[in-house]
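Got chain A sorted already, so can you dock chain B onto it with the hints?
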Amino acid sequence: MQTSSWVPLFPDSASTFSWQVDALYFYLIIISIAFAVPIIAAIFFFAIKYREKEKFATPEELHGSLVLETAWTIVPFIVSMTIFLGGAIVYYEQYRIPDEAMDVYVVGKQWMWKVQHPTGQREINELHVPIGRKVRLTMTTEDVLHSFYIPAFRTKADVVPGRYTYMWFEATKPGKYHLYCAEYCGLNHSGMGGWIYAMEPKDYENWLAGNVTGQTPVEAGRDLFENKLGCASCHAGGPSQRGAKLEGIYMKPVKLVGGQTVIADDDYIRNSILNPSSQIVEGYQPIMPTFKGQVTEEQLMYLVAYIKSLSGVTANSTSGTSSMANTQPAAASPSPAANSGNNSNTSRPK
Amino acid sequence: MQKVDLIDAAMGSDEVSREPKVNYLTNGYTLKSWLLTKDHKRIAIMYLITVSIFFLAGGLYASAIRLELLTPASDLLQTATYNKVFTQHGILMIFFFLIPSIPAILGNFLLPLMIGAKDLALPRINLLSLYIYWLGALITVYALLVGGVDTGWTFYTPYSTTFSNSYVVLAGLGIFINGFSSILTGLNFIVTVHTMRAPGMTWFRLPLFVWAQYATSLVMILGTPVVAITVLLVAIERVARVGIFDPAIGGDPILFQHLFWFYSHPAVYIMILPGMGVVSELISNFSRKKIFGYEFIAFSSIAIAVFGFLVWGHHMFVSGQSIYASMVFSFLTMVVAVPSAIKMFNWTATLYKGSVSYDTPMLYAIGFLGLFLIGGLTGLFLGSIGLTVHLTDTYFVVAHFHYVMVGGQVIAYLGGIHYWWPKMTGKMYSEFWGKISAMLVFVGFNLTFFPQFILGYLGMPRRYAAYPPELQVLNIFSTAGASVLGVGLVLPVIYLTLSLINGKPAGDNPWMLPGLEWRTSSPPPTENFEKPPVVTWEAYEFGDESGLDLESARKNVKAEAIA
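Chains A and B, in that order, give the protein sequences. If you read the first sequence in our numbering, its first letter stands for residue 1, the second for the next number, and so on. If you read the second sequence in our numbering, its first letter stands for residue 1001, the second for the next number, and so on.
Same shape as in the complex, but just chain B:
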C-alpha cells in the first residue's frame, strides 16, 4: 500500500485513494463483457490466450520434428506425416503465433498506454480484427484436423496447386482471412499514433517500442494484401484450373515465388521489428539510461521496413531468376544489414555507464542481443550469393531464421511479457523461476540451433524426414537442446499462471520507470488514466526531470531491506 502512495505522489496527485479501484479486469465479469469489449487491454488479453495456445500447438509439432530427426531413418513418423508436421509447424508458428505475438498482444495493450491515449483510435475495428483472427484460425485448425496440409508453409507451386492431395485451399482460406486481421491492426496502430498522442507526446518523445510498432504496421498494411492475393490465386488455380502458376496449363511457377516473397520477406520484418522495439525498451529501462542514439534506432526501424520490400529476390538465388537480378538483390540485402547493425551497436552502447539490473526481462534482453547477433551475422552468409548457392534450402537457413525469429522475436516477446506482466495483471511473478527459465531458454536454444548451422554447411537439406547416418550426432545435439528449450518455455506458463493466484501485488511502478504505462495503476483502469496525462519529459528520462519520486522509492527499498 505504501507503494501506491509513492506512485500517487509521483503522479503529482494529492488524493490518496486506498479502496481498491475498478480496473480493466474487474470492470465486468460476464463472458459478454469480454466478447463485446472495446477495451484494447481486454482484446490484448484475449489475443494472449489464443496466441499462447497456438504457440503450444506449434511447439508440439516442433517436438515431433526433433524426435523424428533423432534417428536418420524416417521411423517415428512416416514421411507423409512428417511433411504435414513441418508444414503445420510453420503455418501455426508464423501466421498464428509470430506475426500477431508482439503487435496484437503487447502492441494492443501498450500502444495507447505508452502514448497517453485512452484506447486505440478505432476500438470497434480492433475487436473486429480479433474476430477475424479467430475466424481464420478456426478455418485453419479445421483444415489441420480433417487431414492437414503438406506443401510447406511456402505453398510453392505447382506442387500446391496441382500435385498435393491435402487441404491446401482450406488452410489457404484461413491464412487469407487471418491476413485481414493484420491489416486492420496495422491500420489502427498507424491512425492511433498519428491522432491519439497525449499533449506533449511529440514524435521524438515516443518510446522506441511505438516506433517499431509503427514501422511494423506499415509493412502489415503494404505487404499483407499481396500474400492474400497470392493465396487466392493458388486457390483459383487449384479449384478452377486457371493456368496461373502451373506450366502444364500455361502458368509460371517462378511468378508464384516472386509474389509470395514480395510479402513474405517483409513479413520476416513483421516477425523481428516488434522484437527490436521491445528490446530497446528493456535495455534502456533496465540500465536506467537514455537509449543511445534514439533517432538512429527509430529511423533504422523505418529503413528496415522500407528496404525490406526490395530484397524478396534473395529467396530465389537458385530458382532460375536472372543472375543480374540476383546480384541486385544480394546488394540490397547487404544494405539492409546496416540498420540492424546500427541497432546492435546502439543497444550495446546504452549499457555503458548505466545502472544495469539483472531482472528477468533484462536477462531476456541480453539473451536477445547474443542470439540476434548470430542470426544477423549468418544472414550475411546467406546474402552472399556465391555462398548461398551451397547453403540455400539446407539446415543453415533453418538455423538462421530460427535465430532471428525465435532467438529474436520469441525471446523479445518473453522478455516483454515478463516486463509488462505486473502492469497487465497487477501481480509479480517469481523472479527466481523467471531467471531460471530465461537461462534455460538461452542455453537450450543455442544447443538446438547452433548444430544446424554445421549440418547446413555439411549439406543436409531442409524438410527431410530421413537423412544420411553420418549426420546423426549433430541431430542428437539438436534434439537434446530442444528438450531443454521446451522446459524453458513451459516453465513461464506455469509460474506466470501461478502468479495470478498467489503472486505478490506488483505495485503500479515496481521498477520506478518513467514510461507513461508506469504512471497509471496496475492493472490500469478501463480508461487507462484517471487524468489525461501531459508529457513534459523526454523519452527515457530517469532523473528527477521525469517527475518520479525516486528519493522516497530508494528510502522505501532500504526500509524494506532492513525489515
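Chain A extracted, bound-state conformation:
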C-alpha cells in the first residue's frame, strides 16, 4: 500500500492520528533545517575563509561571549519545549483510551496475532475494522513481549505478558495496511505480521456476516463461568454464595483484607483468577483455588468480558451500525465503564 513511486518516502496516512504525527514530523524537519543549515553553512564558511594561510600561525585570541552563550542556551531550550509540548499533546490523544469504542481482543503469541471481534469473529494475523469508528484493542500475550504496530495509523503499543495493555485508533481511509510486531520476540519475529483491512462500514458488515460467528467473547466467558470452570458454584449469588459478589464491581473500588482499596479493573480481575490469594476481598475467606495453567489468555479475556458485562458493561460491539445479533443486552451507555488500567499507559483521566 505504499505509494508507487520508485523510492517510497512517506507512508500511507489512514487514521485520525496520522495527520497529527505527520504535522509533528514536519515541524521537526523544519526545526532541523533551521538549525542545521546555518550551522553547516557557518562551518564551511569559517573553514574556507579562515583556512590556514601560514603554518603555525597564531590567530588573534577571542574570548567567549556571555551574550552568545546565553542566547544559544535559551533559544534551543525554548524550541525544545515547543517540541515537547507538541509531542505531549499528540501522545495524550494516542494513549487516552476513549470510553465509546468497539472492543477488539488481541492475544499475541510467538509468532502470530490472534484477534477476536466483539461479535465473535476470529482472525489470525489480520484485522478488519470499519472506518470512522473508534476501535479499542485490549491486548496481552501468551509468552514474550510483542508490539502491535500499524505504521499507516501511526500508532503502536507493546503487548506485555501478565497484564493488559490497550491502544486505540480510528481508521479514516479504506485500504490494506501493514501490521507488524515491533518488539523483538525471537525466531520468527519478522514473520509476525499481517494486514489491517480498513473498510467502509457497509463492507465491514458484509465481512462480519460472511464469517461464521462463534460465541461472542461475553458468551464464551459465561460458558466458562457457568459450565466449564464452575466459577458459578461460588460466585453466582444466592444465599450460599461463598465467593465475592461480581455484579456491578467493574471499575468500582474494592476493599481488601488488610484495609487496602483497589479499583476492580481488567488487570485486577485477571489477577484474581490467577492469584486469588494475593488480593482477598474483605469479608471473604481465602478459599479460591488458583486457575493458573488451567485457562488460556483468550479464556481469561472472555471471563473479563463476561464479568464486565455483569456490571452492565458490554464489550462495545457494532451497536448502531451492525445488524449482527449481539446476544448480550446492549448497554445503552457504557456507563462508568470508563477506566481501565491504573498505572499503565492505558489510564484514562476522568
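Hint data in this document are derived by calculation from the structure and do not stem from the laboratory. Here the structure is a predicted model, which is why all the values come from computation and not from measurement. Ideal placement from N, C-alpha and C gives every residue a C-beta, glycine not left out. A hint or two may mislead.
Claimed, not checked - Here are the simulated SDA-like pairs of lysine to any residue, each with C-alpha atoms no more than 25 Å apart in a straight line:
{"id": "1", "chain 1": "A", "residue 1": "K49", "chain 2": "B", "residue 2": "Y1352"}
{"id": "2", "chain 1": "A", "residue 1": "K173", "chain 2": "B", "residue 2": "D1544"}
{"id": "3", "chain 1": "B", "residue 1": "K1555", "chain 2": "A", "residue 2": "P59"}
{"id": "4", "chain 1": "A", "residue 1": "K114", "chain 2": "B", "residue 2": "A1466"}
{"id": "5", "chain 1": "B", "residue 1": "K1353", "chain 2": "A", "residue 2": "T73"}
{"id": "6", "chain 1": "A", "residue 1": "K53", "chain 2": "B", "residue 2": "A1466"}
{"id": "7", "chain 1": "A", "residue 1": "K109", "chain 2": "B", "residue 2": "Y1352"}
{"id": "8", "chain 1": "A", "residue 1": "K55", "chain 2": "B", "residue 2": "T1026"}
{"id": "9", "chain 1": "B", "residue 1": "K1353", "chain 2": "A", "residue 2": "A236"}
{"id": "10", "chain 1": "A", "residue 1": "K55", "chain 2": "B", "residue 2": "D1544"}
{"id": "11", "chain 1": "B", "residue 1": "K1435", "chain 2": "A", "residue 2": "R51"}
Said to hold, decoys possible - The following label-pair restraints were derived from C-beta to C-beta distances:
{"id": "12", "chain 1": "B", "residue 1": "T1202", "chain 2": "A", "residue 2": "I30", "range": "43 to 49 Å"}
{"id": "13", "chain 1": "A", "residue 1": "M81", "chain 2": "B", "residue 2": "I1302", "range": "36 to 42 Å"}
{"id": "14", "chain 1": "A", "residue 1": "L9", "chain 2": "B", "residue 2": "L1145", "range": "55 to 61 Å"}
{"id": "15", "chain 1": "B", "residue 1": "G1028", "chain 2": "A", "residue 2": "M81", "range": "36 to 42 Å"}
Frame of chain A; chain B shown alone:
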C-alpha cells in the same frame, strides 16, 4: 633531527641529546615486559589491539546484516542466524568496542600525559582492568563460538530468561565481568585527575578531553554496577527460576526495562562524551584557536553526565509505563538536548577567525560536526513522545543511534587515533590516504544510514530479517553505502600499520601544539616526561605565551619548502 632540536628549545632545555632515547616502546621487548607492565601507555596499546579486533569482528557482523537486507526475503541468512548476527553485532560493538574505545585506549594513553603525570594514580589497578576486560571478552567470545546469543543486545525479558535457547548466561557473564573493567578504569581516571595534576595544571587549565573523560568516568562508576546487577538477575531467573522478570513465575518484565535502561541510557553517554572531548581537542588545535566557551563545554559535559541518569524512561514510551511518567521523561530528554546544542555552537564558533588546517584529524572532526548534528537533531524527533510512538523500534531509531555512536564516537575515535598516532608511535602516516579514508567514511556513512531514517518513518521495524518488497530500494542504498564505509574503515588499518614500518619520523610536536602531551618526545619515555612539567600557560594557548618556539618552526617549514 632538526625538529628534535626545536622541541628541546621549546621545552626550554639547553641540552640537546642526539642519541635515540629509550621510549616506552623500546623499554623492554619481552612478552613479559608487556603483559606485566604498569605503564599506562603500554596498557593503552594492548587495549588498542584487542579493541580493534572486536571492531573488526563487529564490522563483519554488520556486513552480514547489510548483505542479508539487500533482498526483502530472509535468504542469505536464516532468521535464526540473522537474530544471532544482529545480537552479536550489538554486544561486541557496544560492550567490547564503543565503551572501551576512547576511554581505555586514548584516555589511558593521554590522560596522564595531558595533566603532566608520570602514570595513572593506580597503575596496578589499570593493568587489572585490562585483564578483566580480556576475561570478559574471552567468555563472551566463547559464548559466541559455541552457539551464540539471539536476544538482542538489550536482553529483554521474559524472552531472555525463559524462551531463548541460546547462550544467554554465558554471554551475560562476559558482560558482567567486563563491566568491572569500566568501573576500575573510571575510578582510576577520577583519582588521577584529582591527585596527579602537574604543578600549575589547575582545573580550568585541563584540556577538554580530560573534562570529558572525567564526566565519562562518573557515569561508568555510577551506572555500570546497575547493569551488572541486572544481568545477574537475568542469570538467576534463567538458572534458578526465581521469579523476577517473568510474569509466569511472578516477575515483572517492565522492571527489567527500567533497570536495564537506567544503566544503558547513561551508557549511551559513555559512548559519546569521550568523542566530544576528542573533537574539542581537534577543533581547537587544528584552528589554532582557544576553544570558544571553555567553561560552557566543560560544564555541559558534566550536565550531560548528570541529566543522562534521569532520562532512561524515554526508551519505554510504548512499553506500558504511565503516560505521565512518559511526559516527565520526554521533558527531561528535551532538557538534555540543550548541553549538546551548546557544544555544537561553541565548536562552530571556535573556527571563527582561526587558522584552520585540513589535516586528516581535522577532516574527521568536521565530519563529526555534521554527523553529530544530524544525530542530535533526530534525537529530538525521538524525544517528542507523540512522534516516537510511531518511530520507536523502527529503523529511524537504528539510524539515529548509529549517527550518534558511529557518526559521533567512531569518527571522533578515528580522528583521535590519527591525531595522536605520531605521539603514540613516533611515526607519521600517509596524509594522502588519511584524507581519502576520512572522506570515504563520511560519504559511506551517510549513504548507509540516511536512507534508514526514511525506512523508519515508512514503518520498517528493526531486527527484521525479512521486510516488505516496496522497501528494497532504500535498503539497497544502505547496503551500497555500507560497502563504501567498509572500505573507508579498512584503509586506516592498512596505512597506519604500514606507517610503523616505513612512516616518516613524526617529530615530537609535528603540529606545534601547546598541549602537555606534545611537550615530550614521541614516543614518550616510560616516565612520560624527562623533567616533571610545570604549567604556566592557559589551556589552548597558541601564542608566544605557550613557550613554544613558533618562529623557528615557521622558518623551518619555509626552509623545507624551498629544499
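Okay, the hints, checked on the actual structure:
no., hint, result
1, K49(A) <-> Y1352(B), "9 Å, holds"
2, K173(A) <-> D1544(B), "71 Å, violated"
3, K1555(B) <-> P59(A), "18 Å, holds"
4, K114(A) <-> A1466(B), "21 Å, holds"
5, K1353(B) <-> T73(A), "23 Å, holds"
6, K53(A) <-> A1466(B), "54 Å, violated"
7, K109(A) <-> Y1352(B), "58 Å, violated"
8, K55(A) <-> T1026(B), "32 Å, violated"
9, K1353(B) <-> A236(A), "85 Å, violated"
10, K55(A) <-> D1544(B), "15 Å, holds"
11, K1435(B) <-> R51(A), "16 Å, holds"
12, T1202(B) <-> I30(A): 43 to 49 Å, "44 Å, holds"
13, M81(A) <-> I1302(B): 36 to 42 Å, "22 Å, violated"
14, L9(A) <-> L1145(B): 55 to 61 Å, "42 Å, violated"
15, G1028(B) <-> M81(A): 36 to 42 Å, "59 Å, violated"
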